[in-house]
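Keeping the supplied structure of chain A fixed, place chains B and C upon it in accordance with the hints.
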Amino acid sequence: MFSLFKFKGGIKPPTYKADSVRFPIAAAPVPAQLIVPLHQSIGGQPHPLVQAGDRVRKGQRIGAPDKWISSAVHAPTSGTVIAIEERLAAHPSGLPTLSVVIEADGRDEWIKRQPVDYGRLEPEQVRELLRDAGVVGLGGAVFPSHAKLTAASDVPMEELVINGAECEPFMSCDDLLMRERGEDIVRGIGIFRDLLQPKRVLIGIEDNKPEAIAAMQAAVKAVGENFEVIAVPTLYPAGGAKQLIRVLTGKEIPASKRSPDLGVQCFNVATAYTAWRAIAFGEPVISRIVTLTGNVAQPRNWEVLLGTPLRDLVPLMQPKADTNRYVMGGPMMGFDMPGLDAPIVKATNCIIASSPAIFPPPAPEMPCIRCGACAEACPHELQPLELYWFARAHNFGKTQEYNLFDCIECGCCSYVCPSRIPLVQYFRFAKSEIWAREREKENADAARERFELRNEREEREKAEKAERLAKAAAARVAAPTQQPADTGQPATEQPAFDPDAAKKAAIAAAMERARKQREQVKPKNTDELTVAQRKEIAEIEARRVPLQEPQNASNAEIQRAQREEE
Amino acid sequence: MNFTSPPYLTQNVSVRRIMLQVLAALLPAIGVYLWLLGPIVLVQLAIATATALAAEAVMLKLVDKPLGLFLGDGSAIVTAWLIALAFPPMAPWWLIVVGVAFAIVVAKHLYGGLGQNPFNPAMIAFAVCIVSFPALMSRWPSLNMDASFADHVAVMFGQLPRLDAMNGATPLDTLKTALKLGEGQVSVGAILADTRIFGRMGGHGWEWVAAAYLAGGLWLWQRKVIGWHLPLSFLGGMVALSGALWLWNPAQFASPLFHLFSGGTMLGAFFIVTDPVSGSTTPKGKLIFGFAAGLIAYLIRVFGGYPDGVAFSVLLLNLCVPLIDLYTQPPIFGMKGEK
Amino acid sequence: MITAILIMALGAVILGAALGYASVKFKVQGNPLVEKIDAILPQTQCGQCGYPGCKPYAEAIAEGEADINRCPPGGMEGVRKLADLLGREVKPLDAEEKPKQVAIIDEQLCIGCTLCVQACPVDAIVGAAKQMHTVVASLCTGCELCVKPCPVECIHMERIVENIDTWKWKYPVFEIKRVA
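Those protein sequences? They're chains A, B and C, same order as listed.
With our numbering, the residue at position 430 of the first sequence is 430, and numbering never jumps.
With our numbering, the residue at position 75 of the second sequence is 75, and numbering never jumps.
With our numbering, the residue at position 149 of the third sequence is 149, and numbering never jumps.
Bound-form chain A, shown alone (with noise of 0.2 Å):
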């Protein structure tokens, strides 16, 4: 018997999953234009290999990974590229991101695709097979999988955990998945276990799913495998990776460590099912499966390709009247889908139609009791309702003393407040203003270096500079004994005077070839002006005239430092 550790904390929502479990897993219909953002994983954003006009095939690539933290992305089907430009993303800031917009051609045309034996390859290049195929952690979190492939130096590789889990209530693609394409994900496992070598595979089922367990543990036989399947008690969140691993193993792994320093790594069952079928297939990562549940009259798992606006899927969920918007994720973890245009990404696992009765409208927020609710809920044994004063108080600084960064923004913490204070928000607030600052303090530290080196540099300039007339000086006070004063004054004036001369000229020219420029460009948008802007300009265009003098002075001033330099 296998003994299964505890994590602190965690909630029991109800799950909600039945509804969407009684089908099999559909395609979705192919969608006339697809919308795929280029950047669907961690890490860089690939670049556009193709251009507008360009026809694609289904499974080419149109975006190459720009460095080894980031992950390709494919063609969907085949068609034309309208366009690679700003569009919707399936985000909760609701701004646009860089994307690729396919026509689909109905053809449905694959590139040829070559599938092959992984085990003649060398590990290094199986990485690189996984990221040119695009396989990235499809629990969610879309790390790009073949970082993660890589044992420690230093620390043997105990246990590769397989999370099926899936503890977020309405979500069942994973469970589908495992149902029904059981030997395709062992089999993937059996690349990761290869490229990792641990001592033991564990795949983590929550316990109920028992058909999800069967079908696996089946699969294993049927491969030949000796993963071992375990149920794991449905307490959320048991399916998020340092959970899962704790209850499989006992390990713990702080913010501040990577799995793999404690001799463990973790992927999603549906990660395992594309790395096989990009390896033995050559099919990179172009859909995927998504529960499309909540309030609808057909809940079920759907293989969707990436790019399909959200507004392509509505058909096949027939939501409710009362649906008023959508949710990409589970309820815990989730966010409103931005509008119907977003398209399905990898991280899109759930997609749950919402109505004010499934999930309803949050309730005034009430002051802190400080009851530790929260505190006892947390998984990561974090002390919310400290987070949370200091998060409230801008003081960012305590937020990071009291662990900030090991929030794991599960939702626990919300869930359990009495007080219903949106505690996962003014953690995620916390967060990313914490980012900015960093990002801030890093900008004004180089500038501040940047600055200090251009003085440095004009100081030395300066010094140089006077160095070198200093020497003039010497050597004209030397000079006259052998050249009269009188010839060698024009000759060293006259030709540092024509220079100049020209030199103004040219500028002049230029301003006037500029102010023609101008001119031609000007009056596009002044036709409609009032009369304050047309006072407005007339009072500038005085100011303007004044300001030329001066500038003409330091310009010759600054013409002769730099005739002086050559």
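Going by beta-carbon spacing under 7 Å, a handful of chain A positions derived as facing chain C:
#1 Ser-93
#2 Gln-425
#3 Phe-429
#4 Ala-436
#5 Ala-510
#6 Ala-514
Everything labelled a hint here was simulated from the structure, so no lab data went into it.
Because the structure is a prediction, the values reported are computed rather than measured.
Built from N, CA and C at the ideal position, the CB exists for glycine as well.
For chains B and C alone, coordinates are given in the frame of chain A:
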């Protein structure tokens, strides 16, 4: 902006629900009072509740907070009931009003309202009144007297100065006075033999009140409204010190059982030290808070000048909460081996 | 009497020695206050405070010559931080607070005069004489010092807009009054 934030699901909990459960847990003790003293206890509760709600409403209005939301949260009523039950039954009506108003206006709202008060408002009221009106706050009736409801009301509203049976002392006080008068010659056993005053464990009648608090407290614990750390450590602190002294000199010190079931021990353990706002929040901090409060309460009631020490010990510990919390932050996930 | 004097004298000697030792042992090079003030300033080097750069302004503040509210890029938050550090009163900003900006050179109009290159305090403009210049946006501090020297007015400032990578979660705000 259409602002919604995950998690979209929340547990069916609210401040109001918690407060209502605390009120429900006080019902057994109120029932015992009703049985022993008659409906006068309800009059006392009513005065306290009305004062609390009025004071709360005025303060909320002043700071411009939504009345419906905050008046309905029940926190003011909890404070009112705790004060009504902690004060001597049949205390003059204005004393209750002063106590409750002070608790709500000064101890709660001047510090920022719900969730912001560093001190337990009910205990502030108790402390203020016992310091300002020591005679009135020490005038406890014995619970086996037979006087009519009309007499009770008359006492409460100043029509009757006092009833004969109101000998003016709690069992704790009686014991302390008797020991002092006996100057070491009288043993505790002999004093406590008077079951008319002392009952079987902690005071005739009062032990039933204490038992009712215990029952209500256990129900709160079972409902997970309160944790075990605070009550258990508070009782533990009380038992540890009283037990040690009792074992050392049983003639001069009453048994732990007596102390558990007399005075405000049970009320304190389950309803006062468990106040989350003014208490410690870390597991270790709660144990320290409760244990120290138990110890100090015992010291004050046995060696100090006041009949009971729960209020002052809790207030003293309230002062130490920031320090306790600072030094008892639990290690977080994955960092248990460190530092 | 004598003992008292001796004890006091001895005390003075010991304390004096301790102070002397401390001043040698913990000697601080430079003025740490200037560094701390400089760390708060936004390093735009724009000179809007009337000093030629952030460091000179920091020095002036440390000397007590300059007020703490003269840095518009630092905004009110900067004023507050400075007030915190120096124990001075928070004052309203001396100028209008502006959103972060970046300089953009209209490459069609640029004549390659290098004046802006020389004006830039952080060397964020690249370009040689008679060659088109351009602003390295990631290095630009938005100080506007290059705008004025340009003889053909081809430089303008653009507001930096939030993108998906710099987007920040907002402070949770609930209409608490609405419910009442």
